[in-house]
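Undergrad: Work from the hints to combine the two standalone chains into their complex.
Take a look at the letters that make up each chain.
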Amino acid sequence: MSKYKISFPHMADYYVPVRYLLSHLMEDAEIMVAPPITSKTIELGSKYSPDFLCTPFKYTLGTIIEALECGANVIVQAGGGCRYGYYSELQIEILKELGYDFTYLNLVSCGKTDIKKIYQMAKKLNPHFSVLKACYYGFITIKMVKYMDQIDHIIRENIGFEVKENSFIHLKQEMLEHFSQVKTYRELFSLYHQYKKKFLNLEIKKPKDYFKVGMIGELYTIMEPFANYQLEYELAKFGIAIKRYTNVQYLLFEKKHEIKKLLRQTSDYIKYKMGADASDNIARAKYFCTHHYDGIIHIKSSFCTPEIGAMPVISKVCSDYQVPVLFFSFDANTSEVGIRTRIEAFYDMLEMRREYEKSISRN
Amino acid sequence: MDKIVGIPRSFLYYDHHILWETFLSELRIPYIVSPKTNEQIMRFGQQDSHDEMCLSLKNYLGHVHYLEDKCDYLLVPRVDNYGLYNQTCTNFLALYDIVHNVTNKPILNYNIDYCHGDTEWKGFLKMGLELGKKRAEIKDAYHHAKEKEKEYYDHLIGANYNALNNSKPRILIIAHNYVLYDEMIGLPITNMFQKMGATIIDANLFDQKVALRESRRISSGLYWDTSRKLVGAIPIVEHNIDGIVFLSSFPCGLDSLVNELVMRKIKKPYLNLVVDDISSLTGMETRIESFMDILNVKI
Chain A
53 MSKYKISFPH
63 MADYYVPVRY
73 LLSHLMEDAE
83 IMVAPPITSK
93 TIELGSKYSP
103 DFLCTPFKYT
113 LGTIIEALEC
123 GANVIVQAGG
133 GCRYGYYSEL
143 QIEILKELGY
153 DFTYLNLVSC
163 GKTDIKKIYQ
173 MAKKLNPHFS
183 VLKACYYGFI
193 TIKMVKYMDQ
203 IDHIIRENIG
213 FEVKENSFIH
223 LKQEMLEHFS
233 QVKTYRELFS
243 LYHQYKKKFL
253 NLEIKKPKDY
263 FKVGMIGELY
273 TIMEPFANYQ
283 LEYELAKFGI
293 AIKRYTNVQY
303 LLFEKKHEIK
313 KLLRQTSDYI
323 KYKMGADASD
333 NIARAKYFCT
343 HHYDGIIHIK
353 SSFCTPEIGA
363 MPVISKVCSD
373 YQVPVLFFSF
383 DANTSEVGIR
393 TRIEAFYDML
403 EMRREYEKSI
413 SRN
Chain B
539 MDKIVGIPRS
549 FLYYDHHILW
559 ETFLSELRIP
569 YIVSPKTNEQ
579 IMRFGQQDSH
589 DEMCLSLKNY
599 LGHVHYLEDK
609 CDYLLVPRVD
619 NYGLYNQTCT
629 NFLALYDIVH
639 NVTNKPILNY
649 NIDYCHGDTE
659 WKGFLKMGLE
669 LGKKRAEIKD
679 AYHHAKEKEK
689 EYYDHLIGAN
699 YNALNNSKPR
709 ILIIAHNYVL
719 YDEMIGLPIT
729 NMFQKMGATI
739 IDANLFDQKV
749 ALRESRRISS
759 GLYWDTSRKL
769 VGAIPIVEHN
779 IDGIVFLSSF
789 PCGLDSLVNE
799 LVMRKIKKPY
809 LNLVVDDISS
819 LTGMETRIES
829 FMDILNVKI
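So the protein lines, in turn, are chains A and B. Under the numbering used here, the residue at position 122 of the first sequence is numbered 174, and the numbers go up by one with no gaps. Under the numbering used here, the residue at position 113 of the second sequence is numbered 651, and the numbers go up by one with no gaps.
Wrong hints could be hidden among the right ones.
To be verified - So these bits of chain A aren't anywhere near chain B, every CB distance computed over 12 Å:
id: 1; residue: 78
id: 2; residue: 81
id: 3; residue: 82
id: 4; residue: 167
id: 5; residue: 183
id: 6; residue: 191
id: 7; residue: 207
id: 8; residue: 208
id: 9; residue: 218
id: 10; residue: 236
id: 11; residue: 240
id: 12; residue: 247
id: 13; residue: 249
id: 14; residue: 291
id: 15; residue: 387
id: 16; residue: 413
Claimed, not checked - Covered stretches of chain B (chain A as the covering partner; in silico rule of three or more C-beta atoms under 8 Å from a C-beta of chain A):
id: 17; region: 588-594
id: 18; region: 617-627
id: 19; region: 633-643
id: 20; region: 750-760
Worth flagging that the hints you see were computed from the coordinates, not collected in a lab. All C-beta atoms in this analysis are idealised placements derived from N, C-alpha and C, irrespective of residue type, glycine included.
Only chain B is shown next, with the shape it has when bound in the complex (with noise of 0.2 Å):
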């Protein structure tokens, strides 16, 4: 019988979902992705992780305890870079090492480091002989795999783009994929948004090697990866938004940095908000609904 692969339904998932499921079901291998994050998931994860982590890393980890008996490999990416100026969280740079520490269960070998030549392609290899797969099987794989992704992105940024035309007011949200798309950290607040009326417009999705290009007009040394993706969508889609708000899980490195120089930086309005896994909703829902209050005055 196969060896099962579960992959967690955090951090990069959100990202590669569409490249990992898609070239496991073409190599023919059986994988159980982790349902939506609930809350039993994130107790997991707070019994797991150290106090300090982020929310998102400890929601990752509930992820990976939900797993543990229903998986023989864990899929956890170890993504280092994707070139200099294009560096990641250094919780993605650990991740590897801090799950292997936190349960026994064997991981799959991915991992990246563009500045030191392991390029996604070899990650994949390397993963692909590793589930015992011949090299033109998984070169198949991964290359059928990129494509579709391709397509469903296309679709994605086209869509992101045309809710530029929909009604006032347009709100471009900053957050990581993984905080935003999380069940329980960033959807509650888009859909209270949604509900108000606002259109949202995601950061993530605009053509990625544009906001790369375009975020060096807000800072010339920035150099991560999803950060540079992020601010890059304001300078694409400024005159076209009435506000701007920055979603951040608790405490993030990244955005502790780069959210307060852009703020400092953008004139539009702006709301900044830290989930944490005590805040209530009810507060968020008293200051979205103040937010949106002004964003319809001005308009």
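Isolated chain A (complex conformation) (with noise of 0.2 Å):
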């Protein structure tokens, strides 16, 4: 029996990279997954932060709280820009209070990763630690956090028209599992190859005139499918096929060479970078306004600085192009049924808009 036990907090299905990772370089220890996000989870979250922080820190907070009564005694934290990379620290405060005993390990900060920290964090749990394997499997984690990223823009653009209920959720899970076992990079490169190919035969039903909607927003919220109240699967249900480019694969690697690129697209409203995603999420508007999207949705958590600055830009891109947008602004107390009611309607209004477009052209 190990005495390390390394959990971390959940965001959407990437904690099968993750504890894939894991499992490989640090064989003594026990990873152990956090229990399922659910009301409970972010109730508790909530009951330990401050009022008016973003919704991302009480949805971490209740996790860790969950992991650490479940026997977890090493949180990792992926931390990253903006107030994320903060949050470790009110975090640690506000655990030690609650009386918890655990090591924290923070990974970005102020958007700089300290190697040599992390190193002798890897060396102290696990004494076999060899670099030479941590950059192999760091390589097929990576490649993994790509093909499930690709597969998800696939599921996101299918879904809604799928004939078998389920279908792609099965398939998906299915995915994931195999894709925990593998061994080699070989291996997990026909895997993909192999579903990519099943996903796309799966049996859909796809009308001609589909509802094409652009999704942007604040990174955490926007990906965490819980967070956001399953709202890609609520949408689904009206045969809306989304376009999503907020992913970890994103983030991580492409961000950096694309935002010059994105900026000189929208030079005509903005001129600097605005700070966390803003300015992305700007262009990404612009891009579904100029390329016949029917609507476009902006999710945030509440209290988030970057996408409010962002917010009245888009409004005006929108404005411009003629693009309806809906905006969401999720909390810990946001109910269901009325995310429901609003993206009813949005939907009624779509429908409306092309009926109104058809008659026009009609004349």
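TA: In structure tokens:
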């Protein structure tokens, strides 16, 4: 029985690659995936969080508390830019106050990763830690994230038109299970192509004039299905194809190369980087407007400062191009019914616009 | 005729007003500063802004609205960072583009981003060139303005240190400059404290290098410039004060994290005040009175 139990906060299905990486690097330690996010998680999180802090803090704090309750004693938190990088310090303080005993590792703070600190930590957790192995499994993990994101693109475009109910979700779960058991990169590569074919061959019934909606927004809320109340599935029920660019692959590897290009494309609206993903989202909004999307949905957690700054610009872009936009601000106490009503109204509006355009073209 | 530059009296104005005003008057450029925040300006701000924006940003947009038809250029600073561990609030990053989308007025080029080589001097150089001045002139004006600013702040910092010897209770106020000195947010509250006989010590007014260094004692990973300067004041004067007041505008992104952390680490009596555009001063007064009572009992 090992003495270390490693756990980490949830975000969508990305627990699969993270668990894969950790279980190959820390053979002695036990990797524990935190219990799935439920309404109890967010209740716990918001109970101990400051009031007007953005919601991802509350979600991550809730999952960490639940993981610690299950016996974890090492917490790995991703961190990141904006306020994410500073979450760890306050979370440590709050958890200490609650009387938990644990080790906390924050990977990214203020846009920089302290590799030396991470190496020391890894050596402490696993004395046999080897850098070469870490590089190899790190590479496989990165590729796994990439493949998952590419499959997700296919799912989002087609899930609204599936013939057999839940066929996409079941196939995805099967794929994730196989992914987490791969041993070599070659195996992963062939699995990916197998499943890509399977996903493309799933039976769908796509009408000719289906609605296409672009999704933009704050990274955690848009990626974690529980944080946005399964908005993507709700939309899919109406038969809407969704396009979303924000995913881990984009944020970690593509963003720094693409940001200049995106700023150039939107130079008539913005001039500088507006912090976090605000300028990316404005550029995406413009892309959706110019590429004949029927509508845009903007998602953020409440009190997300960069997105609040971006919202006036996004509404200006959308009013210039005459594309409808729906703003969602998710908090711990948002009601699911309210969201469904707004989506229904949005869908009705899209339909009415389509009919109006048709009647004009007929005349 | 020369073009008039409009300066909104909010955000970084309170940090750099000496620098900007001296710089512009040295270059013989007429400028206009919007009046102190009043109810009309707050109403303008609420019209122009999104309802989730922080109170200070709403007021800023109100000042911009006021200046719109009174000037030819707006001076809207865009400050990304003063170094890797001296970043600013995301509102400052986005300020240029937010204002640009609210008004059609041309905005002066003022961009500071030390991580990418845009220093303060470069920002002023570009601004001066845009106003049609020569490089040598701009350099002189900038250095003169910088000297004058230093002189001004040295005097204020000295006075702030001297205030530590004044009558008890001495209260350290931790608030951003643009919150503390805003006519509608911070000043009514500091006035209340002074009326009740407290000595106010402003956490902004300490030697900045020392404050930045000392902030590490409270939080090792903090990377926001303004917050570091404020937090750094606590270890400097910890033994000479009786209480700490945190004052922030709703919903300030930095304060929501940093103040919560600091509150858990200090061992002094503290009061956390969050000002909203609908909060009444009477409620604040009750809280301030009871806080003062606690301090008076302790002394």
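Undergrad: Give a verdict on every hint.
TA: How the hints compare with the structure:
1. Taking the minimum C-beta to C-beta distance to chain B, about 24 Å, the non-interface status of residue 78 of chain A holds against the 12 Å cut.
2. Taking the minimum C-beta to C-beta distance to chain B, about 25 Å, the non-interface status of residue 81 of chain A holds against the 12 Å cut.
3. Interface exclusion of residue 82 of chain A from chain B stands, the closest Cβ pair being 28 Å apart, more than 12 Å.
4. Taking the minimum C-beta to C-beta distance to chain B, about 16 Å, the non-interface status of residue 167 of chain A holds against the 12 Å cut.
5. Every Cβ of chain B is farther than 12 Å from the Cβ of residue 183 of chain A; the closest lies at roughly 25 Å, confirming the non-interface assignment.
6. No beta-carbon of chain B is positioned within 12 Å of the beta-carbon of residue 191 of chain A; the least distance is around 28 Å.
7. Every CB of chain B is more than 12 Å from the CB of residue 207 of chain A (nearest about 32 Å), matching its label as outside the interface.
8. Separation of residue 208 of chain A from chain B is adequate, the least Cβ-Cβ distance of about 28 Å exceeding the 12 Å criterion.
9. With 12 Å as the threshold on Cβ separation, the claim that residue 218 of chain A sits away from chain B holds: the shortest Cβ distance comes to roughly 36 Å.
10. With a least beta-carbon separation of about 38 Å from chain B, residue 236 of chain A lies farther than 12 Å from that chain, consistent with its non-interface assignment.
11. The Cβ of residue 240 of chain A sits about 35 Å from the closest Cβ of chain B, beyond the 12 Å cut-off, so the non-interface label holds.
12. For residue 247 of chain A, the requirement that its beta carbon stay farther than 12 Å from each beta carbon of chain B is met, with the minimum near 39 Å.
13. At roughly 43 Å, the least C-beta separation between residue 249 of chain A and chain B is larger than 12 Å, which holds for a residue marked as non-interface.
14. Look at residue 291 of chain A: its CB is around 32 Å from the nearest CB on chain B, clear of 12 Å, so calling it non-interface holds up.
15. Look at residue 387 of chain A: its CB is around 18 Å from the nearest CB on chain B, clear of 12 Å, so calling it non-interface holds up.
16. The claim that residue 413 of chain A is not at the interface with chain B holds, since no C-beta of that chain comes within 12 Å of its own (minimum 33 Å).
17. Check result for the region 588-594 of chain B against chain A: holds, 4 residues qualifying (beta carbon to beta carbon below 8 Å, three or more required).
18. Note: the region 617-627 of chain B has 5 residues with beta-carbon separation from chain A under 8 Å; the three-residue rule is met and the coverage holds.
19. Three residues within the 8 Å Cβ limit are the bar, and the region 633-643 of chain B against chain A gives 6, so the coverage statement holds.
20. Note: the region 750-760 of chain B has 4 residues with beta-carbon separation from chain A under 8 Å; the three-residue rule is met and the coverage holds.
Consistency with the previously given hints is maintained throughout, with no hint failing.
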